[in-house]
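Heads up: the sequence shown runs through residues -19 to 453, numbered per our numbering.
It is worth saying that the hints were derived from the structure and are not from the lab. Be aware that one or more of the hints could be misleading.
[Claimed, not checked] Within a straight-line C-alpha distance of at most 35 Å, the following computed DSBU-like cross-link-like pairs (lysine-lysine) qualify:
hint: 1; residue 1: Lys425; residue 2: Lys284
hint: 2; residue 1: Lys284; residue 2: Lys221
hint: 3; residue 1: Lys222; residue 2: Lys284
hint: 4; residue 1: Lys105; residue 2: Lys255
hint: 5; residue 1: Lys222; residue 2: Lys425
hint: 6; residue 1: Lys255; residue 2: Lys311
hint: 7; residue 1: Lys425; residue 2: Lys221
If you're wondering where the values come from, they're calculated on a predicted model, not measured in any experiment.
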Amino acid sequence: MENNLSAAPHEIEILAGPAPRGSDRLTLRSAIAFSGATFPVSSVALALYIYLPPYLAGHLAVPLATIGGVWAAVRLVDLFVDPVLGHVMDLTRTRFGRYRPWLAAGTPVFMISVFMLFMAPRGVKGSYVFVWLFVLYLGISILTLALWSWAASLAREYHERSRIFGILTAVGVVAGVAILFIPIAAPALGFSNDAGVRTMGWFIIAFTPVTIAIALWTTPERVNRSTGPHFAPRDYLEIAKKPEVLRLFFCQIALTLGPGWMSALYLFYFRDILKFSTQAATVLLLIYILAGILGAPLAARVSKRFGKHRTLIATTTAFSIGLLGLLIVPKGSIPAVIPIMAWCGFMAAGFTLLITAMMADVGDEIRLQQDRERMSLLYATLTFAAKIAAACSIAITFPLLGILGFNAAEGTANTLEALHGLQWAFLIGPIVFVMLGGACVWGWKLDAARHADVRARLDARDAGLCPATPGEV
-19 MENNLSAAPH EIEILAGPAP RGSDRLTLRS AIAFSGATFP VSSVALALYI
31 YLPPYLAGHL AVPLATIGGV WAAVRLVDLF VDPVLGHVMD LTRTRFGRYR
81 PWLAAGTPVF MISVFMLFMA PRGVKGSYVF VWLFVLYLGI SILTLALWSW
131 AASLAREYHE RSRIFGILTA VGVVAGVAIL FIPIAAPALG FSNDAGVRTM
181 GWFIIAFTPV TIAIALWTTP ERVNRSTGPH FAPRDYLEIA KKPEVLRLFF
231 CQIALTLGPG WMSALYLFYF RDILKFSTQA ATVLLLIYIL AGILGAPLAA
281 RVSKRFGKHR TLIATTTAFS IGLLGLLIVP KGSIPAVIPI MAWCGFMAAG
331 FTLLITAMMA DVGDEIRLQQ DRERMSLLYA TLTFAAKIAA ACSIAITFPL
381 LGILGFNAAE GTANTLEALH GLQWAFLIGP IVFVMLGGAC VWGWKLDAAR
431 HADVRARLDA RDAGLCPATP GEV
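Whole structure, please, built from the sequences with the hints as guidance.
This is how it looks when you write it as structure tokens:
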């Protein structure tokens, strides 16, 4: 592949925020403080995909078809927000850093939209849900892009990226665990299921400014100040055609759509097929999430030995095999379901951290080729892919339930045929897409050895030890 570097000056590293002490490697304490910023987005994800749609359909009586249509419409409108945000972030230059101002700016957008959706009044219309769902996804995009790009700049070595993104994932799992305690504790506190959903909203709103502020205050930001040639439209096309970018784009779609499909149908499947109460289903989901606390760091460790792409293939295969176990468990048996949920949660925890760490490696290679920082734009392709998948998970599954004759209204009895359709819809979708996600990285070439060469050449160029001339990558 040709490296179209010019003889322009190399990128200069600047530092915003607290200076790191000693080594460039973040201490565990600093990494956790930074990763706390993922708490808002990770906690709202579970509530948004698992609890909010059934709440809108069951308690607020919004038709299933309307919910599916609104989710799809928002995603279609929202699709091109992330590439624009990514480009603007990459061009941002402030005395406070590149990503720090964006993380701060996205916080109020996120908080206001959470309030408007989770405290929605009775009689809410589809247009109301559309507007505030769009604003929420905008806030999520700003926070996610800023956080992922910042994390990639903090960790520059192949294996260190696995560590940082592993900690990010583990903290996200903790956020999911925390939010799940609310519906579990709701009956003991005298709350109804709908009151539990509203409490989730208040919980997210309360913790968002605290976790974001800690990350902003304590974490240094390394910024590559680009002084190379102007970034032309053909450079975007070159990025879009890069095989590694395309692979990770489709991998992200598949590995978001699979678990997202499962999340959309989760409560319906566990209540109507496996005969669990909402509280019991939430406990089992909590076990799934808790297993990720162990799964994320282990995936990062395993990737150091076998490579990120091989680890991703292994986890997707193991997840799919484990999910099939739900076909043989006795109805209403929590002990029988616990091992399956723990196994699947353990494996799924590695999906996001491995994809994001691999994209950071691709970003280094592109910076070597183009002499420009494109990390935010690359992560925008991942969030763009995730949005497509998330839209499909609701837009496909909810209308599909209607076609299968399933009625989601509270207290409604469904036919045997409708329940049978729900069962197979819940299992087939996640397995197919998760396996496709693993297949996307089969034969991946940007391994530790190749990345070490890219990183060495970048470091040498940034230190002024070699000229920025075209060459092979």
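- Given the hint that Lys105 pairs with Lys255, test it: the Cα-Cα distance must not exceed 35 Å. 31 Å, holds
- Task: With a cut-off of 35 Å on the C-alpha distance, tell me whether Lys255 and Lys311 pass.
- Result: 6 Å, holds
- Query: Within a Cα-Cα threshold of 35 Å, do Lys284 and Lys221 meet the stated pairing?
  - Reply: Holds. Lys284 to Lys221 sits at ~28 Å (cutoff 35 Å).
- Item | 35 Å limit on alpha-carbon distance, applied to hinted pair Lys425 and Lys221 | Distance of about 16 Å is within 35 Å: holds.
- Task: Could you grab the alpha-carbon distance between Lys425 and Lys284 and see if it respects the 35 Å cut-off?
- Result: 15 Å, holds
- Please work out if Lys222 and Lys425 have their alpha carbons no farther apart than 35 Å. 12 Å, holds
- Item | 35 Å Cα cutoff - pair Lys222, Lys284 | Distance of about 25 Å is within 35 Å: holds.
Checked against the numbered hints above, the structure violates none of them.
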